[in-house]
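**Student:** So the chains spell out like this:
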Amino acid sequence: MATKQKIQNAYIDHILTEGKKPASIFSFAKKNKFAEEEFYKYFGSFDAIEGGVWADFFSTTIKEIQEQEVWLTYAVREKALSFYYSFFELLKKHRSFVDYSMSHFKKGLHTPIPLKESKEIFEQFSIALIQEGLESGEINDRKFISDRYKDALWIQVAFLLNFWIKDYSKDFEKTDEAIEKGVNVTFDLFQRTPIDNLFDYGKFLAQNAGFKMPF
Amino acid sequence: MKEQNSIPASKVARSAKFVGTGFKIGGNYIKHYSKKIFNPELTRDELNEDNATDIYDSLSQLKGSALKVAQMLSMDKNILPKAYVDKFSLSQYNAPPLSGPLIMQTFKKHFGKTPDKIFDKFDLRSNHAASIGQVHRAELNGEKLAVKIQYPGVGNSISSDLKLVKPFAFRLLGMSEKELDIYMKEVEERLVEETDYELEVRNSLKISKACADLPNIVFPTYYKELSGPRIITMSWIEGMHLKEFLQTNPSQELKNKIGQALWDFYNFQQHELRAVHADPHPGNFLITPDGNLGIIDFGCIKELPDDFYYPFFSTTSTDLLNNKEETIKAFRALEMILPKDNEKQIEFYYENYKEMIALFAEPYMSGEFDFSQTGFFDALYGFGEKIAKMPEFKQARGVKHFIYVNRTNFGLYNILSELGAKVKTDTYKPHLKLAF
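Going down the list, the protein sequences come from chains A and B. Numbered by the working numbering, the letters in the first sequence go through residues -11 to 203 in order. Numbered by the working numbering, the letters in the second sequence go through residues 674 to 1109 in order.
Hints are supplied without guarantee of correctness; some may be wrong.
Said to hold, decoys possible - Here are some chain B residues the structure puts well away from chain A; computed CB gaps all over 10 Å:
(1) S772
(2) N800
(3) E898
(4) D979
(5) K1102
What the hints assert, rightly or not - Result set (BS3-like, lysine-lysine): computed pairs, CA atoms no more than 27 Å apart in a straight line:
(6) K1097/B / K51/A
(7) K1027/B / K1017/B
(8) K786/B / K169/A
(9) K782/B / K158/A
(10) K781/B / K80/A
(11) K781/B / K162/A
(12) K80/A / K782/B
(13) K80/A / K897/B
(14) K790/B / K158/A
(15) K162/A / K1097/B
(16) K1106/B / K107/A
(17) K858/B / K158/A
(18) K1073/B / K1106/B
(19) K191/A / K51/A
(20) K858/B / K51/A
(21) K782/B / K154/A
(22) K916/B / K1095/B
(23) K790/B / K162/A
(24) K782/B / K794/B
(25) K1095/B / K80/A
(26) K81/A / K782/B
(27) K916/B / K1097/B
(28) K781/B / K51/A
(29) K786/B / K162/A
(30) K51/A / K794/B
(31) K51/A / K786/B
(32) K897/B / K162/A
(33) K786/B / K81/A
(34) K158/A / K781/B
(35) K81/A / K858/B
(36) K138/A / K104/A
(37) K1017/B / K158/A
(38) K169/A / K1095/B
(39) K997/B / K1073/B
(40) K169/A / K781/B
Just so you know, these hints were derived from the structure itself, not from any lab. The beta carbon of each residue, even a glycine, is placed where N, CA and C say it ideally should be.
Turn these sequences into a full structure, and let the hints guide you.
**Tutor:** Spelled out as structure tokens, the structure:
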């Protein structure tokens, strides 16, 4: 009997040794000695397997960091930092897979198919995080923009993935720096900034435009 | 302490920081001269103070090697006006800490475990900054530990930081770029060494073992198995920094004891080990509750090669200084007198360097020296100011080893003078050579 895990492993093994997808699900099943229908029990396509692997990366990381004792003592900014660090630490063990998978991402503005499921998982995580930040006042609530905060965190994931895959520094030290600096900047922007005060002042002036100067 | 929100990331951002400083300093000058129109009595002290604040703010935001340069500048009190020094001294104590998750990450990378799994207790909030890293308290098996963690990427940013600092160094030291290069290289080498925590642990073990017999000095125990390329674990030494210690109004006797320990520590290394802890800034020392001197940082070790050691330290003896011919040979070996110098120049540099070395060597001349007497330092600063005005000294002279040896010894003198200690100076004497 093939299990979900077995199929996943066999698939990863195949793409990493062959450098390409199996010719068909039929040949893949035959080579690994299980019936083709068993494959469909768990996955609809090869892409779905890849998506599953990615999704596992995300959910494993989130589970892992939330289990750490320090998690509860962290501010929202630190929680986010913690995710990114742990995520790339985990990816280190699967760099070849990530490299392969990313090199087959379709270029464009849309989320690559294998990351669709992951994005949902990550969004759930980031929405909760942002909510927590809004409640504690660590993050500034802005009309219309607040809803897009989660996208900023996702873009950070995408950016860091691309950075990491091209990072050849020892022990990926540069990625660590990129995380520390990038996430801090993102959260600085989430906070109340002088721009907010400027808008506020602008609004005040607009509303009180009827007021005439005495001189 | 407030945590730093962001570190200027790219070289561009770092440069921008410095450019900003430049503008501010320009502004300070304008402020100064416009005030001066109305008040000709105005001294430059306020201006220096303003400039120092701005440079310091800029450097401490850059962290890492730039902060190190700030520390270094603050050691050379003899070349910087007092206001600069006061501000730079701050950099010896405080720099804002990095985020908790990054610390967790660093541990996971080196040990595969988070610090709470390695230690019984680990304080995620940093206790204080160590210029290229920060120190955390921890506990294991009932022992208190200090865990030093290095910022990521420090090694990489050193050369680009130094390039940024260069223009400031020219201005402050009044040197040209070409002359400054060999010195900057030397500084770069030492700084790169300082980022190598594995080397630091080896040095610490070696030197603390060699100095184990010196009285009234304590070293932390280093834990090699809990240290890595970016982490050093050592036992926690309870104690006060120099400034805090002096605020408690210690007795003269105690001050002398600490001063003597410092003197012995440095001169034993210079003259017996020929490798010296070249970072005598007050942040590296602690005075323990039982009145001993704790030494907590071995990042910067300067080795003294024979071809520098003998000519330089032999000139601290009157036996050699009274022999003009041999002294000039020694000065030549040290490149204080250059081959292309003419008769007049040789005479000039000989006289001036002789005066300088005689001043420097004064503590060695008699068996005991009182560092609380200001006369000695006034003479030292006075001489520094005098040569700073001489066009002949605009040009850099002397082999590169001088940087760290001067920094070490003047640093030592400074600390001893702040302590106001009276010290026996004949405990570890220089080894001499009278002919070259």
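**Student:** Evaluate each hint against the coordinates.
**Tutor:** So, going through the hints one by one against the coordinates:
no.: 1; hint: S772; result: 5 Å, violated
no.: 2; hint: N800; result: 17 Å, holds
no.: 3; hint: E898; result: 19 Å, holds
no.: 4; hint: D979; result: 35 Å, holds
no.: 5; hint: K1102; result: 45 Å, holds
no.: 6; hint: K1097/B / K51/A; result: 63 Å, violated
no.: 7; hint: K1027/B / K1017/B; result: 15 Å, holds
no.: 8; hint: K786/B / K169/A; result: 24 Å, holds
no.: 9; hint: K782/B / K158/A; result: 11 Å, holds
no.: 10; hint: K781/B / K80/A; result: 12 Å, holds
no.: 11; hint: K781/B / K162/A; result: 16 Å, holds
no.: 12; hint: K80/A / K782/B; result: 10 Å, holds
no.: 13; hint: K80/A / K897/B; result: 26 Å, holds
no.: 14; hint: K790/B / K158/A; result: 25 Å, holds
no.: 15; hint: K162/A / K1097/B; result: 50 Å, violated
no.: 16; hint: K1106/B / K107/A; result: 74 Å, violated
no.: 17; hint: K858/B / K158/A; result: 23 Å, holds
no.: 18; hint: K1073/B / K1106/B; result: 21 Å, holds
no.: 19; hint: K191/A / K51/A; result: 43 Å, violated
no.: 20; hint: K858/B / K51/A; result: 48 Å, violated
no.: 21; hint: K782/B / K154/A; result: 19 Å, holds
no.: 22; hint: K916/B / K1095/B; result: 18 Å, holds
no.: 23; hint: K790/B / K162/A; result: 26 Å, holds
no.: 24; hint: K782/B / K794/B; result: 19 Å, holds
no.: 25; hint: K1095/B / K80/A; result: 58 Å, violated
no.: 26; hint: K81/A / K782/B; result: 12 Å, holds
no.: 27; hint: K916/B / K1097/B; result: 23 Å, holds
no.: 28; hint: K781/B / K51/A; result: 16 Å, holds
no.: 29; hint: K786/B / K162/A; result: 21 Å, holds
no.: 30; hint: K51/A / K794/B; result: 23 Å, holds
no.: 31; hint: K51/A / K786/B; result: 16 Å, holds
no.: 32; hint: K897/B / K162/A; result: 26 Å, holds
no.: 33; hint: K786/B / K81/A; result: 15 Å, holds
no.: 34; hint: K158/A / K781/B; result: 15 Å, holds
no.: 35; hint: K81/A / K858/B; result: 38 Å, violated
no.: 36; hint: K138/A / K104/A; result: 15 Å, holds
no.: 37; hint: K1017/B / K158/A; result: 55 Å, violated
no.: 38; hint: K169/A / K1095/B; result: 49 Å, violated
no.: 39; hint: K997/B / K1073/B; result: 24 Å, holds
no.: 40; hint: K169/A / K781/B; result: 19 Å, holds
Figure legend: structure checked against the earlier numbered hints; hints not met, in rising order: 1, 6, 15, 16, 19, 20, 25, 35, 37, 38.
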